[in-house]
Each structure stands twice: as structure tokens, then as C-alpha cells.
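**Student:** Here is what each chain is made of, one letter per residue.
Number of protein chains: 2
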Amino acid sequence: MVIIVNYNGFHSFSTLIPLLSPRHSLQYFQHNRKPPKKFNMDTSIIPDEHEPLSRVHPKTGRVTLPVEAGKEDLVHKMIDAWGADAIRDSDGTELSEELKQLNLDIYSVICLVRAEQEWPRKHPEHLPQKYLISEAVTARGTEVEIDLMRGYHPRKYRVDTINDARKYWEVIDRTTGAVVPVGHWSFDASNAKVRVTGCNPYHVYTVNFLAYVTWDATSMYNHITNGWDRPRVMSVDPYHPECREHLMRVYEKWLDAHPQTNVVRLTTLAYHFAVDSAPGETAPDRFRDWTGYQETVSVRALEDFAREYGYRMRPEDFVDQGFYNHTSRVPSQRYLDWIEFIHRFVVDFGREMVERANARGKRTGIFWGDHWTGVEPYSPAFQKMGVDIHIGAAEDGVALRRVSDAPGPQVKELRFYPYFFPDVFADGGNPIEESLSNWLKIRRAMLRQPVDRIGYGGYLSLATKFPDFVDHVRGICEEFRELHERTRGSQSWKGPVKVAILNAWGKRRAWINSFGIPQKFLIKRPDVIQVAGTNLLECLAGLPVEVEWLSLAEIEQSGVPGDISVIINDGDADTAWSGGHWWINPKVAAAVRAFVDSGGGLIGCRAPTAHFHEGRFFQLSDVFGVEKELGHSVQTACPRLTVESDHFIRADTADSFDPGIRHSHVFATDPTTTAIYEHDGHLLVTAHPFGKGRAVFMAELPYSLPNARVLYRSILWAAGREDLVERAFSTNPLTDCAFYEDSKCFAVANNSGEKQRTTVYYPDGSSIELDLRPHGIEWLGDTSV
Amino acid sequence: MVIIVNYNGFHSFSTLIPLLSPRHSLQYFQHNRKPPKKFNMDTSIIPDEHEPLSRVHPKTGRVTLPVEAGKEDLVHKMIDAWGADAIRDSDGTELSEELKQLNLDIYSVICLVRAEQEWPRKHPEHLPQKYLISEAVTARGTEVEIDLMRGYHPRKYRVDTINDARKYWEVIDRTTGAVVPVGHWSFDASNAKVRVTGCNPYHVYTVNFLAYVTWDATSMYNHITNGWDRPRVMSVDPYHPECREHLMRVYEKWLDAHPQTNVVRLTTLAYHFAVDSAPGETAPDRFRDWTGYQETVSVRALEDFAREYGYRMRPEDFVDQGFYNHTSRVPSQRYLDWIEFIHRFVVDFGREMVERANARGKRTGIFWGDHWTGVEPYSPAFQKMGVDIHIGAAEDGVALRRVSDAPGPQVKELRFYPYFFPDVFADGGNPIEESLSNWLKIRRAMLRQPVDRIGYGGYLSLATKFPDFVDHVRGICEEFRELHERTRGSQSWKGPVKVAILNAWGKRRAWINSFGIPQKFLIKRPDVIQVAGTNLLECLAGLPVEVEWLSLAEIEQSGVPGDISVIINDGDADTAWSGGHWWINPKVAAAVRAFVDSGGGLIGCRAPTAHFHEGRFFQLSDVFGVEKELGHSVQTACPRLTVESDHFIRADTADSFDPGIRHSHVFATDPTTTAIYEHDGHLLVTAHPFGKGRAVFMAELPYSLPNARVLYRSILWAAGREDLVERAFSTNPLTDCAFYEDSKCFAVANNSGEKQRTTVYYPDGSSIELDLRPHGIEWLGDTSV
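Chain order of the listed sequences is E and P.
Residues in the first sequence are numbered from 0 upward in steps of one, following numbering that gives the first Met the number 0.
Residues in the second sequence are numbered from 0 upward in steps of one, following numbering that gives the first Met the number 0.
You may find that some hints are simply not true.
As the list claims (entries may be wrong) - Here are the simulated EDC-like pairs of lysine to aspartate or glutamate, each with C-alpha atoms no more than 16 angstroms apart in a straight line: (1) K586(E) with D172(P); (2) K192(P) with D146(P); (3) K76(E) with D470(E); (4) K754(P) with D741(P); (5) K497(E) with E432(E); (6) K361(P) with D104(P); (7) K252(E) with E351(E); (8) K586(P) with E547(E); (9) K166(P) with D316(P); (10) K523(P) with D679(E); (11) K523(E) with D146(P); (12) K58(P) with E478(P).
None of these hints come from the bench; they were simulated from the model.
Next comes chain E alone, as it looks inside the complex (with noise of 0.2 angstroms):
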């Protein structure tokens, strides 16, 4: 094969040295100011077609595997085919003893608010609530009688007889939104009916209404989609404090009864996320909000709530007209006083079973996952809890780097899709396929941000019937350990240039998918997040950028920190991404508007700083140059512009640009605005200069490997920083390098399915030209690890 080393030279390096930040790139330079020297260029590592993936693989470390109760051989068999050197019992398995006597770190499982069964059913009063709302009933005279059961499971929920409906609940016209007085309406405890009563007709009424939990929704989705066959399971709220005695004293019993144990992996604490299930034989989803608070009622927090915060939060609150806060929404500041009280309630909850642990000298880990609501592990907070491994279950970078990006010291741990279970692992089922779609994903954003570990979860007998993906996952495992043996932990190179992305929601949300309109649409499976149609972040995550989370609330109160060279508002209208309200705040149009007017960059995809208002859906389409049309100015003239067809952002992409979207409404403001990618004279991607500033528009921007190449070039050039894009850079947009000054290696990868071409710069501007194998990832530079 061919290697064509063309070295430019330095001359490029006096304007980039001062210009680097100090974290990263400074350092780089200090340590090796000839950067093609240190390189080995051994070319004798350069790849060959029949090599095998990796040439430096330790082989064993960095995994956790999944152990499964009488299937020892199995288990050894595997641990030496990946390389684990810790394994633990899933949900549902335990760990045999002879397994418990090997030589690894031992993760053992406690989802403690689900651990025993005892309780909920003496205690149906500790069983976790939420605020439901009924279905919409039309009033055809001047009374309704709603069901309040109707559209929900039956065996999820069980309406609140023990608290006083005329306090906690709330019947609301909807036609008009007013409450309905208590006394126009009651509730039938026998049949879970409220009659209302005095109503307007033909106006529709609706009960927001408390229910317990009567199936933890874990438990519910294994047996009907894995078919377990235990019985049932309940959580408890261990808000309660005999409900929190009772559970301290099972846990207490259970580390006992764990004395190999290493880590303690809490699955997680003390609330589930968000999902409600529809009636039926599948109890198909009717919502799920994996971020959402809506399983943290009780009503002794509702009433310690009102005496701290001196106000009570109402049902409508919690029900926010159907929508039920999904994190789509624009948060109201009562959900976050919400959110706080919950979150340092279950900071509490968590800190005490990680200082019990430690009090027997295990670690503890937490999964996020399950009853993770309320952990908030990008809060301050967080920390106070104490854990030592952050593990996070992963299908692609925006996972990855959810985890990766975390604040704290804890080891970062990755669980992989697919799990080892029988709706994938079936005759006919390809797990192959989903993992290495995973996998592209992941090796991706990991060269910007590794973590420590990764593992997998299920059945070990389920995957060992797919020789295949054993290997194919040993390869997994090598790449990894490879990754990490190779940079020896550092960090790979970034461009100085930071990157915040700006919604409702700032680090609180921080790489949490933002899903759009289009994810409605979309038939999913119900274990893993799949996201349709636009996804920025996914793009994002695999970029050569720092990234950081900033909050509208964040800009208002100290405008944009002095740190940012490019905002990113990525999000549908009135959504928590793209930010709704907060964009007629004049504080923040402002500080934005002078943060771009001063030389900073602005990105905005999907409906950025929309709000209607004032004659303006994005509020600053004079920053954009480009408008949204709703109607109200459709036979309002705009600029007609014809595509920049040499404009920086479309190179390497002019014919592999995937828009999403084809009609965007979306019309140009501004003479000066550039039109990138239109069509039919709705703009897809623009580029406008504002002041000494620049912003990008795109409509959408899926995930695919030449729309991150776009996203790469729009951040450059809205900082203003386009010198930067033959540095650390693979020309070929379907692959990747990833540059290590601290370990003097770097790594090329082919994210494609074919074989690849393409030149890498070095991070002062000389290039190599090589050749990549379909999916391969090639390690250069120094090789002596």
C-alpha cells in the first residue's frame, strides 16, 4: 500500500500557538515541537488487509461480563474470551459460589426499592404515585362521568383511595382551562369514576388524579417483552421513613449475605423513570420520559415540599395539560423546584447506602438506568453521594459521552446494547449488526472522550448461541483495551474551540438525547433509545471540540461565559432544546445577539430561538439572516439566493449532505445571507455574518458521517477559526483521527463499511495519505507500548 508522508512544514505554528487553549493543545506543543519526529513512522505498522484488528491488545481488563447461576463453563470460557476482569450478576441472576471465589472484582446488583416484596404488600400507602390525567371527556349536557382507569394498564396502576381526592386532585375544563370547584364534582372509590357536574356543555373535561405504581415498570417490561415469569414486582417510595428503615435493614441483610462482593451496583436508587403502559396483552407504551420526575409523587413530599418552598405545587404541576413535563418541555420553574427537592432527597437516600457499603469495604457503583430519577449525575450534588463507577448503558456517542463527559472522578463504565436477551437473541436475530452500528458510533465519540470499562448484561448462554458475536465482540473488547493501552489514558487533541450548547435545560440535560417531532413517528424498540430523523448531538459527540452545557437561565442571569467561541441551539419551536419562552426574555436575546456581534459563533438547527413574537419566529433571524414562514407573511418577498457552491462548510460534503428535511420554510432574511444547501428556495444550511460574529442555520441535521463533517466546518467557521480545518483532521468525511500528545500516537478509523481512503493532517498541517480496511481502526505514531 501506499504512504505519502508530505510534511508542510511549521510556518502555520506562530499563528496557532497563542490561540490555544490551555488545557489541552498548549501542552501538546510544549511536549513535542516536531510533531512528525515523534510519530515513529514505523511503516510496519501500517495496516494490512489480513492483519488482525489489532496488533496491541492486552488480554485481559476494562470489562465486566455478565454472569449467569449454573452455567460455569460458560462463564470461565467467556471471561477468557473477552478478557473480563470483573463480572456481576444481572437483574435477575446470581452470582454461584464457585464463580464468586475467582480472582475478578465482583459487581453484585441491589435495586433495593424493588429488593422485597414483604412491604409493598403490607404497605400499599409506600408504593410509589404519580399524577395521572384522565382521558378528555366531552360534556354533551351538563355532566360527565369519567373513567379514570380508561387507557391504562390495570394491573400498573390502582387509583389513590387513601389520600383525599378533594385536596390532591384537580378536575379542569379544558375547553377554558379553568379548575372545576370541588364541590361540582365527586369521586366513586368502587369504580374509579368522578362525576362532574354544572359543566358547560360540549366543553371537555379532564381529572389530573394521584395513582400508585402497582408494577414496577422494569418488572413489567421483562415479563411481557423477555417473558419472566416471577411474579410481579412492586417498588416502594422510600421517601417514607419507615419505608426507608424497612429498606436500610433489608440492605443491611443483603451485604451480609454479599461478602465477595467488590461493588456494590446500585440499579439505581429510588425512583423510576416515566413510563405509563396502555391496557392490553403488550401494555404497549403510552409515555416515557427517561429524564422526568413523574414517578416522585407522594404525598408526604407534596406536603414538605409546601412547607419548605412556602407554596404548593398543584396536580396541574405535575400533569402540565397531558404533557406531563417531558423533558421536551420547556421546564417551569415550579417542575425544577421540583426536581431540587427530589434530587437532594435521593442524594440523601443514595449517600447512605454508598457509606453503609463502604462501611464493609466495598465500592459502589450506579447504573443509569431504571430508578435513576433523581440522581442527577451532572449535578454538583452528585458528588456528595460518594459512588466510585459511573456505568451507563450505551448505543451510541451521545450515550457514551453522557457518561465520558461526567463530572467527578468515578471510573466510567459502559453497559453495550445489545443485551443478551431473548428479543434479540433468537433464531433469526442478527445482534451483530446492532452492535457494530453501536460500536461505529461509540469508537467514534470515544477518541474525543474514552471511559474507563466497558461490559455487557444478560444472558451468557444467549450470546454464546452466536459464535460470531463472540468473536466479534472479543474484537470489541480488543479495540478497546487497545485504545486505552495506546494513550495511556490522555486525551486526544481538540481545537480551541468551545462549544456550549444552549437550551432550557444547560448541564442538567447535558447529552441527553433532544429528540424532535419526527421520534413520534418512529416504531421503536422499547429497551433502547433510537432516535429519528435530525441529531445533532450524535454529530457532535465525535467532533475534535470541547463542549460544555450552558442553561437560558445561565445567560440571563451572567450572559454568555467569556470562555464560549460557538453556541449551538439545536431544537424544535418552544421546546426545552430550542428554549420556547425564554427567548422573548430580553436579557437573553440580547446577550446572545452581543456574544455573536462581538466575534462569537452561533449555530442553530431546527427552530432556533423560535418563539412567535413581535413579528419574529426566531427572535434572532436578524442574527441568522434567515426567517421561518408560519403563514403571516407569505406574500412578504424575500431574498432569493443561490447556493455558495464553494462555500467552506460544504467541502468534502457537496454531494453526501443528508438535510433531513427538504422543505423547511425557511427564507432568507438578508441579502447577505449565504444559502450552503437549499432546496426548491427553502434553505437547508445558511451562513450569515453578524457584526464581527457568524451564524449557521440548518434545518435539521441528522447523524450520518459527512452531515458531522458539516457540523464540523459550520463550528469552525462561526468562530471564525477555518485555519483550523487541516489540523488532527482526516480528510475522507466516513473517517476519523484522533491525535495523543501525551502517549505520541494517533489513530485513524474507518467509521464506513468499505474500504477508505484518506489524507490525516497532523495537527500542524503535514499529512499522510493511507488506506483503511471497512470499519478498521489504525494505530500510528509511537508504538513502543
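Fit chain P to the supplied structure of chain E, relying on the hints for placement.
**Tutor:** Only chain P this time, still in chain E's reference frame:
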């Protein structure tokens, strides 16, 4: 050729008769108990491919010809060719004495407000005024300077330096919406700039200012587009009494000078519709509102209005955040008050002109175009003017119905496109293509509601350079006359189904195009109304149903009238066409819900009943059984429907329906909703029962012949009258039929450019099959006329 006559007999009569409306159909059956017999089924008239287009074609009448001074021979020839019985001088031509001597009706055009140019030069204070909004300027410090004329054509406007800016203008902080105190800004008349002080940095400021219109928009168009080299023309505002008196003197002189004129053709009256022009050689449109009152402002009128109505119109009442109360905007009550105020003046002014013409023994015609703002032909007050002839330009069926359906005893006359102007009648031009496309749509609608006369405009000498076009127009004139001869002015059969178009305007904007968002992206001709995307009205224009227009205010006041079978609500969200905030008016929502519940039909298109409120976007989502996803409920599940492929509404069009949009983002809220057309889970056409009534949702409905059929079937289905479908019905969706009871004949039209075979059902359900020539219309039944 084959004729199949299929008598279905009378079995359905007993069920049909009681439901027929007395006006049309009952009479039909009283007169014609045995329908097939009455249509003398003379097979000799069955079409043959070599027969002439029409077999009954009186040679003259019902056609108005434009004449051209100095081309007498040509005019004579064309009078013969097209059978004209009236001639008119176009705006910009004059009749020769010789032509005036012909035994024809003579229309003479006068546009009084721009007829004489001395007065506007001497009285610049009498030029029409309008409020303009300046460009939005970002304050980078605490001061901004705003150049008022930036973005406006310098010859079209003059900033008002006569009236007190501080009294009549407004400066607005568009970031907050606050009006800037008068003390914080100053106007420099020398350079037409406003300086604002005490600004909030990075807020955006605009000025609402008064300008005079210094170039009549039609004159400007002809000057620039048609190359007219005459002096620029100014209009004046006759609201000023001295001006009005002067104009009447001019008018009397003009009447003196036109002794042979039979018909004074008013083009039109007082105020030009709004056309704003940007700078540049081509003076491109900035803004256009054919039914808007933007150019009816004068300080005098503002003061009179304030005295009469007890409140002052604010500049912002006209500027409307820069949307200028475009007809697509939900009109405010203040804007409606202004319309009423100006309309009363225009009627008074028009009545004076009519009376003066009548005093000379002349009739009057009025042309819907140019200066027609304030005329309001659907208003009862319009009749007070005493005009004899309505003349409207028509490019399609909607434009035809706008004229043909207007109330009052006036003769209705259409002016066809293309105008004989150099834009179309140039080398390489194809006037037949445009004319034929228009005629097919107009003829289709004319079978439901004919006009009395047709005519053309422009330069005959240009038309005669295209002999094929001259032949083609002769065919149109003959077809038109044949329709009148055959039908003797009678109405064609309409089903006993009355459809009401419900929007914020009601009758005020009957048959006015409800442009949607795609209109913005259409590169259109400036002189013709072209509709981009959805166009339900054009589909409706040719259907055999009665059409009524209702405003949402009427629903609020009086509920749904008792004679309405089906309500149609069609428009983008929060526009006048769907109705915006009216739908959260509880009286409106309850009235329409009650109407459907008790058996009415509701058809929604685009964003029907939409206004985001209390968890709903479509306020009647319960009635439609569908809702649109805006991003707030992307993780709330919905029923997944499969298309009901044999639904009544799909018959005839399963393969030919054009849904326009594909990703509607509309989902089902109820499993009983029926999907009729869908794409990847996005619902495109649905049907849903609600109580005793039915609702149909359509995401879009572009105009096509199959789509018109879908609308017809939707109307019948929503009305619960599927039994009517094979009555007076031509099965092939590319064809139409119309039955004329009084004149005992019927027409079958081929609206396509290909030969078609179709089965035609008589109103009693019996049928024949026949073949039709491309574009042909065949008259059957009583051929004795």
C-alpha cells in the same frame, strides 16, 4: 363508439326525496319523474372525434373585446372571429371614433383617482398614505439611527413630512414590544432618518411611519414590466373633500367626452390594493395584499375614525408587527372597524359616481382589481352603489366563483388571462397553454355557477400575432355561448348538501385564495394569482354542492346555521383561514363540537381548529380523532393505523390522490380514527365518527381532478350522504358532468388532455357510458335549443 345505458330504476327514490333541499332537487324530481326519458337520448349527438368542438354555437354575444386605437381593421376582424357584442378601451388605450360608431355596447374605462395628474402635483397632501415599518435595527449601544426608506423603492414613497410624526408615528422596541417614549426619538426630515436614544443595547428597534404613495402601483407595474414609457401616474385619496370635489369635476368632463359610452367601467374606485416595492430597476415586490386596507390611511380619516369610534387607531394597528394585517392574519376587531369605516366611504364615493353616470343614461360596471380596496362586493352595503355589472379577472375556478357567487342582481363578467401584453405575447410565448389551463378550471367551476359574460384585455394586435391563439379563443367563446344557450341560465343540479367554509373572515373574503406557507417559496408572476401547494377552494369550486361562507364571529354569536350540512375549516395554524385564537373561544369550540355531535360534518385541512392551548393544538382533536405533533408529546404513544383501502372516500383515487405534503406530523388520538391516506405513519387523510356526525381531516389538498373527487367524497361522507355519490356523477375523476333540470340537458366535460371514457349517472341513478375527446365538453339530453 359504445353507449351503455343502464337504468338503475327508482328503488332509491323514496329514501332520496325526503332529504332533498326544496330549492333545487325536489323541483327536479317533480318535473322529471322518469329522467332517462326526458333526456332525448339521440345517439346522433354522441361525440365523434372528428366533430367540431361544439354543435350549438351562436356566433355572437356575451363577449367583450378590448380595442386598440388605430387598428380598426383588426378590431373588426376580431369582433367577427370571437363574436363580440361589446368593446372596451383598456387602461392605456382609447376607442377610435370609427369603433364608437359600431352597433355594440361600449365600455369605457375610468380610474378616477389616477385620471388626472395636475391635482396630485399641486396637492401632495392628497396622495394616498400608508403606514410602513422601517427595517429592524439592532442597538449596539444606547442609540440607533434608522433610515426609514431603506428597503423601499425611492420613487414609490415619500416619507410624510407634512403631519406631525410625534403624533402619528411610533418607535417600538421589538425585543420587548414596548413603545419608545416620544421624547426618546427624533425625526430628521432632511434625510428621512429617525434617531432613537436611551436604547437597551442589543434590543432591536423599528419605526412605524407614515408615507405618501408617489407612484400608482398599476402604473408602476405597467411601466416596469410592460415597458410603458408614459409619465408616471399618481393616485389621489378622495377621502379629502376638496380632492373628491375636484375628481367629480374631472369625472363630469370625462362623461361629457364619452357620449357613446354605454357602460362606465370603474377601474375601480378609491384605493389600490397593497403592493410594496423594493428598490432596484425591477422594483421587486416586497409585500402584496390584494384584499388589504394598507393604502387607505389618511390623517383625516384617522381623525374622523377616532371621533366616530371613540378610540384612535394606533400606527401598530396598521403595521401589525410588520405583517400589515395581511388577509392571512386573523383580523383584529380594530382592523375590522377600520375596514367598515373605509368601506362606508367607498360605497358613498362609488354611489356618487354611479349616480352621475346614470344621470347621463349610462350603466356602470366595476372591475375587481387595482383600486378595489373598500368595495367589498360581498357586503350588503355594496348594493347601495347601484352598479350594473361585476367584472372580475379570472385565472381559475376560484376566481370564477368569486364573481359568479357574489350576491346582487349585477351582470357577472369575467376578464380572462392572459392579458394581451408583451410579457406573455412575446416571441416564444405560449399563450394557449396558460389560457387552456385556466379555461379548464374555469369551465369546470362554471358548470356549477356560471357568469353572464366573458372578455379579454390588452392589445389585440399582440394577440393576433398568434393565430392559433385566436382560434383557441374562438373555441372558448363558442363553448361559453353554448353553455348559456343550452342551459338558458338555469342552475345545474346540486346535491342536498350545503357546505360552509368557516374562517375568521366569512363572507367578507368569500372565494379569496387562502394562501398557505408554500406560497412564500413560489417564484410567481406578479400579474396573476398562482397558488402554491394546497388549494382546497379550487377543488371545491367545481363540485355540485351549495357553498356558504361563515365567520367564526358568526359562530360565536349565533352558532352554526341550521341549513349547513358540512363545515370546512382549512388553513395554516393561527392564520385567518383556520381561525387562530377563535378556536379557544369556548362558544366557538362548543358550537362546532355540538354541531358535529348532532349529525353535522366537519372537514379540516392543514391546521384546522388549531391554536395551542390546554394540551391541544387542534382544539377539536377529539372530533377529528387526530392531532398534530409539535414536539411536546414525542414520547407519548398514539394508535398506529393501517389504511382502510376500501373506504368510500378513497374510491376512484387510490392511485391518483396527490397528498401534497408527505410528513404531516399528524397522528391518531383515537383507535376508531380511520386512515384513508398515510405516509410512514403520518396521517394524510382520515375519517372519524363523533357522536352522530363525522369528521374528515386532510393534511393538504393541492388542486387536481382526483383530489377534487376526494373532496367531493369527503363532503358526502361527512354529511352521511354516501347514497348521493352515484347521482349526477361521472365516474372518471378526470371528467365532470352537470345536469340542468330546467333546460333538460346535461354536459359531460373532459378536463384532461387525453381521451377519457366514463360512466355518467343521472340524478336518478341510471347511467350511460361514453367517450370524450381531450378537453372536450359534450351536451346531451334535449338538443332542441
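**Student:** Each hint needs a verdict: does it hold in this structure or not?
**Tutor:** Results of checking the hints against the structure:
no. : hint                 : verdict
1   : K586(E) with D172(P) : 13 angstroms, holds
2   : K192(P) with D146(P) : 5 angstroms, holds
3   : K76(E) with D470(E)  : 12 angstroms, holds
4   : K754(P) with D741(P) : 30 angstroms, violated
5   : K497(E) with E432(E) : 34 angstroms, violated
6   : K361(P) with D104(P) : 11 angstroms, holds
7   : K252(E) with E351(E) : 15 angstroms, holds
8   : K586(P) with E547(E) : 49 angstroms, violated
9   : K166(P) with D316(P) : 15 angstroms, holds
10  : K523(P) with D679(E) : 13 angstroms, holds
11  : K523(E) with D146(P) : 55 angstroms, violated
12  : K58(P) with E478(P)  : 11 angstroms, holds
Of the numbered hints stated above, those contradicted by the structure are hints 4, 5, 8 and 11, listed in ascending order.
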